[in-house]
Structure formats: structure tokens, C-alpha cells
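J.: Here's the letter readout for the chains.
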Amino acid sequence: MLNTPTVTMFDLHVVLPAAALVFGAIVLMLSEVFLSSPNRTYMAVIALVTSGIAGVVALNNAFEPARLVLQGFAVIDPFSSFMTVMVCLGTGLASLLAAGFLKHRNAERGEFYALMLFAAAGMSLLAASNEFITLFINLEVLSVATYALTAFLRRGPRPAEAGFKYFILGAFAGALLLYGAALLYGATGTTRLSDLATLLPGAMATRGGLVYAGFGLVLAGFAFKVAAVPFHMWTPDVYEGAPTPVTALMSVGVKAAAIVAMVRTFLALVNGLDPQVPFILFSLLALLTMVGGNLLAMPQRNVKRMLAYSSIAHAGYLLLGVTALFVPDAARSSDAGGVLSATPLLANAAVNASVYKGILFYLLGYTVTSIGAFGTLAAIERREDETRSNTWDLERLAGLAQRQPGWAAAMAAFMLSLAGVPPMVGFLGKLYIFSAAVDAGLIWLAVVGVLSSVAGTYYYLRVVVYMFMRPAAADAPATFRHWTTEVALVVSAVATVALGIVPGPIAEWLSRAGMVFGG
Amino acid sequence: MAEQVLFWVFAIGTIAGAGGVIAVRNPVASAISLVATFFFLAGTYVLLWAHTIAVIQVLVYAGAIMVLFLFVIMLLSLTDHGPIVQLSPSRIAGALATAALLASLVGVFRKLPPGDTVTWATDASRLSSFGTLKELGAVLYTQWLFPFEAVSLLLLVAIVGAVVVAKARV
Chain A
157 MLNTPTVTMF DLHVVLPAAA LVFGAIVLML SEVFLSSPNR TYMAVIALVT
207 SGIAGVVALN NAFEPARLVL QGFAVIDPFS SFMTVMVCLG TGLASLLAAG
257 FLKHRNAERG EFYALMLFAA AGMSLLAASN EFITLFINLE VLSVATYALT
307 AFLRRGPRPA EAGFKYFILG AFAGALLLYG AALLYGATGT TRLSDLATLL
357 PGAMATRGGL VYAGFGLVLA GFAFKVAAVP FHMWTPDVYE GAPTPVTALM
407 SVGVKAAAIV AMVRTFLALV NGLDPQVPFI LFSLLALLTM VGGNLLAMPQ
457 RNVKRMLAYS SIAHAGYLLL GVTALFVPDA ARSSDAGGVL SATPLLANAA
507 VNASVYKGIL FYLLGYTVTS IGAFGTLAAI ERREDETRSN TWDLERLAGL
557 AQRQPGWAAA MAAFMLSLAG VPPMVGFLGK LYIFSAAVDA GLIWLAVVGV
607 LSSVAGTYYY LRVVVYMFMR PAAADAPATF RHWTTEVALV VSAVATVALG
657 IVPGPIAEWL SRAGMVFGG
Chain B
39 MAEQVLFWVF AIGTIAGAGG VIAVRNPVAS AISLVATFFF LAGTYVLLWA
89 HTIAVIQVLV YAGAIMVLFL FVIMLLSLTD HGPIVQLSPS RIAGALATAA
139 LLASLVGVFR KLPPGDTVTW ATDASRLSSF GTLKELGAVL YTQWLFPFEA
189 VSLLLLVAIV GAVVVAKARV
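Chains as they are written, first to last, in the numbering used here: chain A, 157 to 675; chain B, 39 to 208.
With the rest of the complex left out, here is chain B (with noise of 0.2 Å):
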């Protein structure tokens, strides 16, 4: 029950502050509403026993990268609020098709049945170990080597690429 509550709380407020982001004009709030949104989001992400996942989510991103986020945007004192929305048939047509997408999951979403239970809810050494640094860990290092390898290089391509893009004219 407490749960459930819990989970409502934390998925509106994602929503919210994602909605939040987009909607509010000044860039700070902007950045603001990103920071909450990572923390509910990192509040489902504890729901999900995936506690690891969680602190790294409110240090790495509302931490440090927000932060940086909002040096920037002041740094670059953006106060230039243009319009946010403008109308024109192809917005109109996006949002149609917007609403088309999403009226079609919650219809999907909907006709699901209940989710199979959880065997091992009351394996006190599983429910000690499952999502812990370690565990996390030997799954990265062990069963997810490549795609982690993979990681690496996506990392190194994207430095590359913001300094490609970042320098002075060529």
C-alpha cells in the first residue's frame, strides 16, 4: 500500500517536472524542474530495489551534471524568452500524432495483466545482496561485458565530438 502511494507520488512528480522543463520559459527553472525530475525519478528507481541505480542518479546527474547545466545557462545569462509555442500545421499534426502514440500505450498499457509476483520477496539473503554496488558489479563485469566495452567507445567518440564541435570556426 505504502508503496503504491509512493509510486504515484514519484511517477506525477517525473511527469510533472519533465512537463516542467519544457514548459517554464526562464532557463534556470528550467534546469530547476530537470532536478526534480531526476530525483522522483531516482525515488522509482528505489521502488524498483535498484538502489545503486538511485544514488548514482541523484549524484552524476542531479548532482554534477546539472550543475554544470546551470553554470552554463548562467554563465551564458540566457534571457532571451522568445514564444514557446507557436501554432503551424506541422506542430498540429505532431501533437495529433503525439496524443495518437500516447492514447494507443495507455490503451496497450491498460489491457496488461497483472505482472507475475516477485518469487524471492521474502529470500532475506537475495533481497540483501540485489541491487547492491557488488551485485551490480559482477552483472556489469561479467554477463554485460561487450556492451559495456561498448560504452567506452561511445564515451571517447562523444569528448571527441564536443571538442569538434565546441573549438573555434575551422
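Looking at chain A on its own, in the form it has when it is part of the complex (with noise of 0.2 Å):
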């Protein structure tokens, strides 16, 4: 006799914005089969009220209870659905920049808005995954589509060696994070991350050493993801290699699902090991990725690969929150016996409750920013260049003011966004992480992130400094103007200081109790 499953309404919550990004991309791939119309933008709109609606959905989400659903392979909480409205505009507003960028190029096809709403809900279930198997598919359904994204656009060299480096390094990693799992499976006898954390802690009286190497695996796994240094090597080829609505897409989406999905693992594997060791190694990890991001960015004329450290280094500040909640309580960690105590390292629920906060912030403004940063370079770049070296060298910004004076006011809110200079929504994520991790104790990290970002604002000034201040050069060719990429810059831009002005109620919405299910 088989004991069914009863799964109600109640359990589906959390598959909804993602059954509705799936819906939308089979009615775009069926569109393409019976829609043969020579002007495609209606699939970029389609896409971007499907992504709508999946937003909606989530955001309405976002207000229940925190609590274990489907069996307990998914939570709903809302982190993951706050972290699913911000993926769900970040794919809205890129596939707004693919109109545009597809049709100078004549390149737009169903597929491709269908696997930008494929990755979509890959991230929403990532994000809401609590058992490693479940986690490890969702992982590979957006990494999966962004492979096939990256190496959607063959002309040159470059995009076919970044979908091959993406595709191998991420199977790699993606190795690592399984192999990771199997070790813990190994250790306690489960996969799901609720039961690892009540089992973890007698796991580790007997088979310490395993529970050390899985989580050792899982962590190099998801350092891949968010591209920490040194896990980082693919970062500037794949970005630079893939259509600049992709890089966008990639720059918010992945990274956000896998910093959500990275914080629900391991809060769940920390209890039972000694607090020093994921303190430290997140520790090292976020102070790496921020002083590497950074200093990499430096030297780089290329824009398009300067955007790509700096979100290496943006990753790093993200850490930096992240590493915020492994802070081990100072008056536990002097009289604990070492390996084997089990001590509870999640204490300070108010420093939780800023991290979280601050870590959504920071993913909101960083998605409207990021997806405006690189929307700016898909509207600058010409199909005439494609198989130019210098495609996004600085000089191809000089003089923008004057030849494109909007998008070059909307870059330069974007790169102060990025700097994080007041009164743009950067400078309040900033200060949301920064203030947390010293609420944790982290005053010397949060220093060095502090220096570190003030370093980057040399890069970003640069960017406003060639737009504004040098002469554009006499052949500049003229731009490719699409209404789409217009409404995807006003939207970034307005939001960009917007939210930095009066970050109002979102503020208050993620600065909510609970907003992680067992957290």
C-alpha cells in the first residue's frame, strides 16, 4: 500500500511564481512556432508580464508564515520570496534590454526569453530549496539555461569559449557542492538541511573529520556560484563572452539565488561545528572577495569586464553579511571544549534580523543598478563591433554626454549606485551590511570593506569622468535606439535613486521577523 503524499494548496505556494515563469516560457517557445511575425518585441513583453505576474505572486508570498512545505524538500519564507520578486524584476527588466539588443542584431528568438524565464524559476526554487537533492536540481535548471544563454549569440571567438568555460567549470563546482552532499549524507543519514541541522551535532562525536570535508565541498560549491575569490577565475571571461542582457541577467539573478540559497545551507551546517571554523572561513572568504574584486577592477579599460570584478567585489560585500551571522558569541567560543560542542552559533536574533535586511537591500539595489550598468553598455554597443577587441573600451563612453545625454546621466547614477555614494540605493545597502557586521562584531572586516570600496571608487569615477569630460571621438558611430532598452534604463535609473532616497516601506517589508525559516 503507498502512502500518498498529500501535498494542498497551502504546499503550492511556493512553486507558483515559478509554475508561472515555466508557463510563460512554453507559451513564448509555442509562440514561436505559430507566431511568425517579423516584429518579435511582443516576446520580450510577454516575458516581461510573466515575470510580472510571477513577482506579484511572490511578493504576496512574502507575507505568510515561515514554514516547512512539500514534504519538507522546500521552505517558504520571506527571504526566498522577497529574493524571488527581486530575480523576477531583474529578468523583467533584461528582457527588456534583450528586445532592443536582439533586434540590432536580428537575433530575437523564443528560445531565448524562454530560458531567461527557465533560469528565472530555477533561482525562485533555488532559493526556497531545504534538501540538498532538491537544491542540486534547481541549482542545475539556472545554471543549465544560462549556460545555453551565454552561448546563445555565436559570432567571434568569444561567446563560444565562455558558454564552454561556464559549462565545464560550473559542472565542476556543481560536482564539488553533490560530492559535498553525498559526504554529509554520509555523516547523518539525511539530505534534508532541518533534519542536518538537529542530526549534525551527534554526527560530529563519531565522524567529525567527514562532516568537516562535506562542508568543506558544499562551501567551495557555492563560492563558485557567487564567484568569491578564489573561485572567480570564470567570472571576467564568461561575462565578457556572453550577450550583455545575459551578463545582466546573470550579474542580479544567479548570484542572488545562490547567496539566499548559501545562507539557508549553512545555517543548517554550522550547528555542531567547532563556531571558529565557518567564521573563519567566511571571514577569509568575504575579505578576499572584497580586496580582489576591487583591486582586479582597477587596471581594467574594458568596461564590460570592469563590471564583471566589481561584481565579484559586490559579492564580497554580500559575504561580508553573510559571514556576519557565523560571528561566534564571544562569551561561548572562550570556554567551549573545542570540536565537539554543540554550540548554538545563531544567539543574536537582532544582528540576524539587520543581516537579512541588509542582505536583501543590498541584492534590490544592486539588481536595479547592475542590470542599469550593463543595460547602458547593451545600448552602446553596435553589431558593427562585434568582432572589435575594443567593444567596450572606455573610449567608446567618451563623450556620451553629449551624443546620448540620458543614458549618460543614467550611467553615471548607475556607477555612483555602484560606488556607493549617497543618495544612490548603493550607498544604503552598503550601509545596511556594513552597519550590521559591526552590530556583529566584525569591525575590522567591515573596515577593510569600507577602504576597499572607496578604492573602487576610482574605477566607477573613471566611467563618469570619460563620459562627461573627454571629447567623443569623431567616428563615433551613431547608437541603435529601441524603445524597450529606453523603458529598462528609465525604470533602473528612476529606482536606482529612488530607493535610495526613500527606501521607505520596502525597508520596513524586509526587516520583518522571520524572515528565515528556522533562522
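Just so you know, these hints were derived from the structure itself, not from any lab.
Among the hints, a few may not be true.
Straight-line C-alpha distance at most 20 Å; calculated DMTMM-like pairs for lysine to aspartate or glutamate [said to hold, decoys possible]:
no.: 1; chain 1: A; residue 1: K321; chain 2: A; residue 2: E396
no.: 2; chain 1: A; residue 1: K259; chain 2: A; residue 2: E642
no.: 3; chain 1: B; residue 1: K205; chain 2: A; residue 2: E188
no.: 4; chain 1: B; residue 1: K205; chain 2: A; residue 2: E317
no.: 5; chain 1: B; residue 1: K172; chain 2: B; residue 2: E187
no.: 6; chain 1: B; residue 1: K172; chain 2: B; residue 2: D161
Label pairs and their calculated CB-CB ranges [said to hold, decoys possible]:
no.: 7; chain 1: B; residue 1: S142; chain 2: A; residue 2: S667; range: 35 to 43 Å
no.: 8; chain 1: A; residue 1: A316; chain 2: B; residue 2: L97; range: 30 to 38 Å
no.: 9; chain 1: A; residue 1: V212; chain 2: B; residue 2: A67; range: 53 to 61 Å
no.: 10; chain 1: B; residue 1: K205; chain 2: A; residue 2: G208; range: 27 to 35 Å
no.: 11; chain 1: A; residue 1: G208; chain 2: B; residue 2: K172; range: 40 to 48 Å
no.: 12; chain 1: B; residue 1: I60; chain 2: A; residue 2: G345; range: 29 to 37 Å
no.: 13; chain 1: A; residue 1: R310; chain 2: B; residue 2: S115; range: 21 to 29 Å
no.: 14; chain 1: B; residue 1: Q181; chain 2: A; residue 2: G660; range: 43 to 51 Å
no.: 15; chain 1: A; residue 1: P221; chain 2: B; residue 2: V66; range: 53 to 61 Å
no.: 16; chain 1: A; residue 1: A331; chain 2: B; residue 2: M39; range: 29 to 37 Å
no.: 17; chain 1: A; residue 1: V650; chain 2: B; residue 2: E173; range: 54 to 62 Å
no.: 18; chain 1: B; residue 1: A56; chain 2: A; residue 2: L168; range: 37 to 45 Å
no.: 19; chain 1: A; residue 1: P221; chain 2: B; residue 2: E173; range: 35 to 43 Å
no.: 20; chain 1: B; residue 1: A40; chain 2: A; residue 2: A338; range: 24 to 32 Å
Ideal placement from N, C-alpha and C gives every residue a C-beta, glycine not left out.
Two chains, two frames, some hints: make the complex.
T.: See below:
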């Protein structure tokens, strides 16, 4: 006799945003077959409407109480629901960017938008996964979709190289994560994160080495996905080779989903471990990523590569927030009996709440800013210079203020926001993250973060200087304008400035209690 | 005892086959090595009482997928065997990191206590049902329903992605 699982509508709320996205993707693929209109901007509109619907559904979920659903394979909590809202925002804006970008290249296809929506569905499910196999499958859904998107436009040698490199390295990182999960299963006999949290302290007594090995491998797998130094080698090549709207989606969506899944996983995995170990590992990762990303971005004259390194630096600030979750309680760590002490790390609920708020607000700010920055690059990029090596050189931005004053003003806002200059949203995001880190006692790490972000101002402002103070080259080509690109840029620019001045209700929502299930 | 011997045969065979995949120069020989790896892996599954998985492994991987691999290799007639290993600082660093990972994992596994003995090894009814298609289906469709459905999404994405990558230039 089979024990049929009871799945109620209440359980299915968690998959509704993903279901809407998948439905939209299927509609797009069918439209490719049945509608052969030469004007295919409607595809971007379908993608936009779909991500809008999914975003509204996810926002509705965000005000439900946190709970385990679907036999414990997933959780529904405000943390993952807000992340889904941001992913939907990013996907909608990226598909608008793609409309103009692909039209200019005569490459509009339903599959492109469908893959974008599939990737968003994977991100949404990944953020809600509460079990290693589910987590791995959803990670693969989003990864496979982005591998294919990276190699979508195959003109010149770079896209094929980028797609191949991303695929091989991504598969390798996925294997590391899976092997780590297998070792943790060997130590505890479960793959559910909430069960791991209760079983790990017991398993530490007899199989401590196995738990640490699994922990390290899972950490390496996630570090690859969020592009943390020293697992960042693929980022500049892949970000540069992918079509620019895809790069925009990767820089916001993949990173946001991986950070949320990372937080959820490690909140469970640190139970029973010597609290110093995760703390030192995360501190080191955050430190290297913040400093490394900014230092590597400085010498770049290629703006797209510079933004790729800058996205590494921004992953570092997010990791600083994650580190703040794992600060050992000073009083406890002094008398902890070493490895076996089952110290509850998550004593400070107030700090954790401010960390979740910081991470989510930072992700929101980074979503609109990064989409805008890559979007401006996508708007300036010309089909004719695909084969040229200096497509994204700083010189291409010279004199943009005279040629396209609106775009130059928007790009200046995005650069200032990335640098963390008030009143842009990037400043508030950094403020929330750094103040949460200081509250958690990570004063030195926060100081390093602030200093490295000040150093980062150099390469962001250089872009502004080129746009406003250098004369345009005489042979600067005319830009290709399309209304979708303009809409995406205007929305991102307005959001970048407005969220920085009036964080208002959104910051209120993000500081709700019970953001993370069990956290 | 016989189980132990079989385990070592299958384990060494799997690793040797996997090593052959990357060490052999001829792509066809490489694919055949992969087939051997899959067979030895199927043997390991049988030792774990996972008969159904073992049969699927042989039928699907060694049978269907590898035949496709071989067709593709032969159709492309890949004869360009470049040098396999070129020493460079990053490769040496990678080899060192891999060796360090291997050494630490071996250290971890050597310290493991003996595993729990299976308490139902003499339970005839359990033995006859464990690892069968019926049991597997029951577990898959009741206890693991959500991951199972998620796989269907993964397969759909993989198909669309493969079509996008394989089609002519856009």
C-alpha cells in the first residue's frame, strides 16, 4: 500500500512563482511556432508580463508565515519570496534590454526569452530549497539555462569560449557541491537541511572529519556560483563573452539566488561544528572577495570586464553580511570545549534580522543598478563592432554626455550607486550591510570593506569622467535606439535614485521578523 | 569475503576506467573506457543491493547514451590528437590542490569508525523487496515527489538549451 503524500494548495504556494515563469516560457516557445510576425518585440512583452505576474505572486507569498512545505523539501519564508521578487524584477528588466539588443542583431527568438524565464524559475526554486538533492536540481536548472544563454549569440570566438568555460567549470563546481552533500549524507543519513541541523551535533562525535570535508566541499561549490575569490576565475571571461543582457541577468539573478541558498544551507550546516571554523572560512572568503574584486577591477580599461570584477567585489560585500551570521558568541567561544561543543551560533536574533534586511536590500539595489549599468553598455554596443577587440573600451564611452545625455546621466547614476555614493541605493545597501557587520562585531572586516569600496570609487568615477569630460571620437557610430531599452534604463535609473532617497516601505518589509525559516 | 573481493575489483575497475577516459588519446578508446567505468559502477550498485539502478545504469548509460557518444565521435571522425598535458603554472597549482584534497579526504576516510551493520540482513521479506523496481517507484513517487518533478523541469531546460546551442548561428 502506498503512502500517498498529502499536498495541499497551501503547500503549492512556494512553486506558484516558478510555475508562472515556466508557463510563460512554454507560451513563448509555442509563439515561436505559431506566430511568425517579423516584429518580435511582443516576446519581450510576454516575458515582462510573466515575470511581473510571478513577482506579484512571490510578493504575496512574502507575507505568509515561514513554514516547511512539500514534505520538507522546500520552505516558504519571506527571505526566499523577496528574493524571487527581485529575480522577477531583474528578469523583466533584462528581457526588455534583450528586446532592443537582439532586434539590432536580428536574433530575436522565443527560446532566448524562454531560457531566461526558465533560469528565473530555477532561481526561485533554488532559494526555497530545503534539501540537497532538490537544491542541486534547481541549481542545475538555472545553470543549464544560463550556459545555453551564454552561447546564444555565437559571433566571434568569445561567446563559444565563454559558454564552454562556464559549462565545464560550472559542472565541476556542481560536482563538488554534490560530493560534499553526499559526505554529509554519509555522516548523518539525511539530505534535508532542517534534519541536518539537528543531526549534525551527534554526527560530529564519531564522524567529525566527514562533516568538515562535506562542509568544505559544499562551501567551495557555492563560492563558485557566487563568484567569490579564489573561485572567481571564470567570471570575467564568461561575463565578457555572454550577450550583455544575459550578463546583466547573471550578475543579479544567479548571484542573488546562490547567496540566499548559501545562507539557508550554512545556517543548517554550522550546527555542531566548532564555531570558529565557519567564521574563519567565511571571513577569509569575504575579505579576499572584497579586496580582490576591487583590486582586479582597477586596471581594467574594458568596461564590461571592469563590471564583471566589480560584481565580484559586490559578492564580497554580500559575503561580509553572510559572515555576520556566523560570528561566534564571544562568551561561549572562550570556554568552548573545542570541536565537540554544540554551540548554537545563532544566539543574536537582532543582528541576524538586520543582516537579512541588509542582504536583501543590497540585492535589490544591486539588481536595479547592475541591470542599468550592463543595460547602458548593451545600448551603446553596436553590431558592427562584435569582431573588434575594443568593443567595451573606455574610449567608447568618451563624450557620451554630448551624444546621448540621457544615457550618460543614467550611467553616471549607476556608477555612483555601484561606488556607494549617497543618495543612490548602493549607498544605503552598503550602509545596512556594514552596520549589521559592525553590530555583529566584525569591525575590522567592515573597515576593510569600506576602504576597499572607497578604492573602488576610482574605477567607477573614471567611467563618469570619460563620459562627461572627454570629447567623443570623430567616428563614433550612431547608437541603435529601441523603446524597450529606454524603458529598462529609465526604470532602473529611477529605482536607483528613488530607492536611495526613499527606502520607505520596502526597507520596512525587509526587516520583518521570521525572515528565514528556523533562522 | 567474496563481497570484499568484488568491491575492490569494481572500485579499482571504476577508477582505472575513469583514468583511461582522460588519459587515452584516441576519442573512441576514451568513450569505450567510459563504458567500462559505467559497467564497474553498475557492479558497485549491485553490491549495495540497488539492482534496479544497476540495470538502468547499464541500459541507459552504457547502452543508449554511450552508443550515441560513439556515433558522434565517429561521425565527426576526430583524429586531431593534440598533446594532452602541457605543464603550466596553473596546471601545477591545480595538480597540487587536487593532491591536497585527495590526501585530506583519504585522511578523513581512514579515521571513520566502522559503519553500522545492517540490522535486516536476515529479514527475508525485506531482502526480497529492497532495491526492486516496485520499491523504488513507491519511494520515488511518494517520498521524493518534489525533486522528481523538479527533474522534469531540468530535462525540459536541458533539451531547449541543447537545441539553442546546437542550432545554426543566430
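J.: If a hint holds in the structure, say so; if it doesn't, say that too.
T.: Going through the hints against the structure:
1. Simply put, A/K321 and A/E396 have alpha-carbon atoms about 12 Å apart, close enough for the 20 Å limit, and the pair holds.
2. Under the criterion of a C-alpha separation no larger than 20 Å, the hint pairing A/K259 with A/E642 is consistent with the structure, at around 14 Å.
3. Under the criterion of a C-alpha separation no larger than 20 Å, the hint pairing B/K205 with A/E188 is consistent with the structure, at around 15 Å.
4. Proximity of B/K205 to A/E317 is assessed by CA-CA distance (about 17 Å); at most 20 Å being required, the pair is judged to hold.
5. A threshold of 20 Å between alpha carbons decides the hint, and for B/K172 with B/E187 the separation of about 19 Å falls inside it, so the pair holds.
6. For the proposed pair B/K172 and B/D161, the alpha carbon gap of about 18 Å is at most 20 Å, so the pair holds.
7. Separation of B/S142 from A/S667 is about 41 Å and conforms to the stated range, judged on CB atoms against 35 to 43 Å.
8. The given range of 30 to 38 Å is respected by A/A316 and B/L97, whose C-beta atoms sit roughly 34 Å from each other.
9. Taken as a hint, the range 53 to 61 Å holds for the pair A/V212 and B/A67, whose Cβ atoms sit roughly 56 Å apart.
10. In this structure the supplied range 27 to 35 Å holds for B/K205 paired with A/G208, their Cβ-Cβ distance being about 29 Å.
11. Look at A/G208 against B/K172: about 45 Å separates their beta carbons, and that is inside 40 to 48 Å.
12. The supplied range of 29 to 37 Å is met by B/I60 and A/G345, whose beta-carbon atoms lie about 33 Å from each other.
13. The hinted window of 21 to 29 Å between A/R310 and B/S115 holds, with their beta carbons roughly 23 Å apart.
14. For the pair B/Q181 and A/G660, the supplied restraint of 43 to 51 Å holds, since their beta-carbon distance comes to about 45 Å.
15. A C-beta distance of roughly 58 Å is found between A/P221 and B/V66, which places it inside the suggested range of 53 to 61 Å.
16. For A/A331 and B/M39, the hinted distance range of 29 to 37 Å is satisfied, since their beta carbons lie about 33 Å from each other.
17. A/V650 and B/E173 have their C-beta atoms about 58 Å apart, which keeps the hinted 54 to 62 Å range intact.
18. Distance hint check for B/A56 and A/L168: the Cβ-Cβ separation is about 41 Å, which falls inside the suggested range of 37 to 45 Å.
19. At about 36 Å, the CB distance of A/P221 to B/E173 agrees with the hint of 35 to 43 Å.
20. B/A40 and A/A338 have their C-beta atoms about 26 Å apart, which keeps the hinted 24 to 32 Å range intact.
Consistency note: the structure conflicts with none of the earlier hints.
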